[in-house]
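Chains as they are written, first to last, in our numbering: chain A, 43 to 295; chain B, -12 to 365.
Be careful, since some hints might not be right.
[Unchecked claim] List of simulated lysine-lysine pairs, DSSO-like, C-alpha gap at most 30 Å:
#	chain 1	residue 1	chain 2	residue 2
1	A	K172	B	K89
2	A	K202	B	K89
3	A	K253	A	K59
4	A	K202	B	K(-3)
5	B	K236	A	K172
6	A	K172	B	K272
7	A	K202	A	K253
For the record, the hints were derived by calculation from the structure and aren't laboratory data. Quantities reported herein were computed from a predicted structural model and do not represent experimental measurements.
Residues per chain, in single letters:
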Amino acid sequence: MNMPDTPGNAFTKTGAKTVAIRAEGLTKGFGEGETYTRAVSDVSFEAYHGEILFVVGPSGSGKTTMLSMVSGILRPDAGSVSIEGQDIWSLSTDQLAHFRLNTIGFVFQDFHLFPRLTTAENVAIPLIIKRHPWDEAMSEARRFLEIVGLANRADVPPVKLSGGEQQRVAIARALIAQPDLLVLDEPTASLDGDTGRNIISFVRSQVLNDKRCILIITHDSRIFEFADRILNMEDGRVTGIEDGGSHVAHEGV
Amino acid sequence: MFGILRIAYKLLANDRTKFTALIVGITFAVFLMVQMTAMFAGVLSRSSATVYNVGASIWVMDPAVQTVSNSIPMPDAVLDQVRSLPGVKFAVPLYSGGGLVKLADGTYQAVTIMGLDDTTLFGRPQMLKGQIEDIYGESGFIAVVDSEYTKLGSPKVGDEFEINDNRARIVGLARVASNGLFGVPSLYTTYSRALQYLPNTRFTTSYILVEPKSAADIPAIRDGVARIGYIALTRDEFVSQISHFYTFKTGIGTNLLMMSAIAFIVGLSISGQTFYSFILENLEKFGALKAIGMTSRELITMILFQAGFVSLTGYGLGTGLCATMIWLARARLPDYASIITAGNLLLALGMVVVIAGVSSWFGVRRVLRIEPFDIFRG
Ligand SMILES: Nc1ncnc2c1ncn2[C@@H]1O[C@H](COP(=O)(O)OP(=O)(O)OP(=O)(O)O)[C@@H](O)[C@H]1O
Ligand SMILES: [Mg+2]
């Protein structure tokens, strides 16, 4: 059972799991005085290499706020986050940008692809920011488009693609710099049910590996089966962490 | 960095409508600006044509003179007084005035007549046909072959016509360095013949041209001339006084200022707005780039590059267009008075830099303010 190098089984609750992310006492409020609302209160959890951790909870429960603090785009009022042993909120703004570039892949709900660039150029952007030579970045982009099954759409603008295809382009962009941590906020919200399932199934089978940790915010109970663990939030607090459906769905496959 | 700039270029250039609007806006503003200032520079350089053509080091004149074409006659005695000033190598009179030529077909043509000092012929033009000494011949006049020459019926050596009811004979053709501003032909004759032919006021000397013994003598000459109630200007001083007159006392300067302001406002409003709406349209994507790990400095570089690229392209097109237009106009109108000077180009470049700077400043502010968290939240 405890073979952490085999993809997909690091969720096992044995001593073999290794910590990818450690969040401690994360707290964040917005507004001042009368309008002050505390979006996230004292959230602590760990996420492991080789697992997909879902974050679920009602709207306004603080999921996005919490995950933004974890992924280095929103500074917490209190608490700390360490990714691969690095205390990210002790870094300067530029250092943190570099850290995100090299360590974290983002998939946004609205994809945020540039409509005036080709699909391949969109995917290549992280490598281009990392100063890779243009041609190398473009051929890498084509390779990743092939991985997400869009090899033949490399030269069209993303607006010519369907929603599911655009989401796969966004995933290719998030993966191209080989991040250790992948963060997806509502990746299936703008997709129809089957497309959403296919995307997450693809992430589970092709994107997850034993060095990688994937965090997914979702409302979509139809995809719970792909989770290793599910973290429940309510009112800015963690109300519990349970095992996901991936044991049932994938055991014995 | 090159890759980031390439992405920046593609983001803008692939948005055909905005890209075109930006370049057209800046091209138009630059064109307008260079066109106006070139016209102005042309007018200024033409307005001092006589000063350059005569080539004297020092001009003595009535203190009220504002431009070379509107001289105020001085009494003959002034010439002797100037000649006796210390430091004066020589001083000669110059007559400059207007006359009416009756052409062969019976029509009249206004002309400028320059009367050169009889002994030295100082300020003589460069001869194309005939000898300068022929000017001493009976009724001798030398015609200047410039763009106005045809208005005299393109006379040849030996042709005759009437000036103010006196017989005049063309004894030579000449060339001068610079054309005048007023579109009338020029004739040269001797000082004494000019006085004979043209109606005179009590005083007759238009200018006294002075050559100092050395440059060090100029202040003393200036003082001496001032003491007898006149003013001595070096060639450059006279030219700048004329420029000053046209700039500030004729409305040309005001017009230039207004047109430049219009060029600037048009350029800024078209380009600034287009660029700003381009930034707004892509704002969320820029925010996504921030989340992915692009630093603020890199984002600013992208925006400045975009603004700089369209600005310089528009600048190149605008100045090119203007140069072509002036070239075409010259081919048809030989005396078209426009010159593109380094100053014109710098001024337009300055305007473009300000337009690009202002446009990108607003864009940069927006992009710096956008929070990746807000993008992530959707
Ligand atoms: N920038 C902000 N300014 C003010 N309040 C904010 C801001 N961001 C979040 N909030 C508040 O914080 C709380 C948590 O928001 P958050 O977006 O994290 O919730 P969520 O669980 O992701 O919700 P959803 O499922 O709707 O995306 C909400 O009450 C929200 O109104
Ligand atoms: Mg959310």
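Do the hints match the structure? See the list:
1. A distance of roughly 82 Å separates the Cα atoms of K172/A and K89/B; the hinted pair therefore is violated under the 30 Å criterion.
2. The hinted pair formed by K202/A and K89/B fails the criterion: a straight-line CA distance of about 79 Å is larger than 30 Å.
3. With a C-alpha separation of about 11 Å, the suggested pairing of K253/A with K59/A holds against the 30 Å cut-off.
4. Annotation: proposed proximity of K202/A to K(-3)/B holds, straight-line Cα distance about 18 Å (limit 30 Å).
5. For a cut-off of 30 Å, the pair hint linking K236/B to K172/A is broken: about 61 Å separates their Cα positions.
6. Pair hint K172/A plus K272/B holds up; C-alpha atoms about 18 Å apart against a cutoff of 30 Å.
7. For the proposed pair K202/A and K253/A, the alpha carbon gap of about 34 Å is over 30 Å, so the pair is violated.
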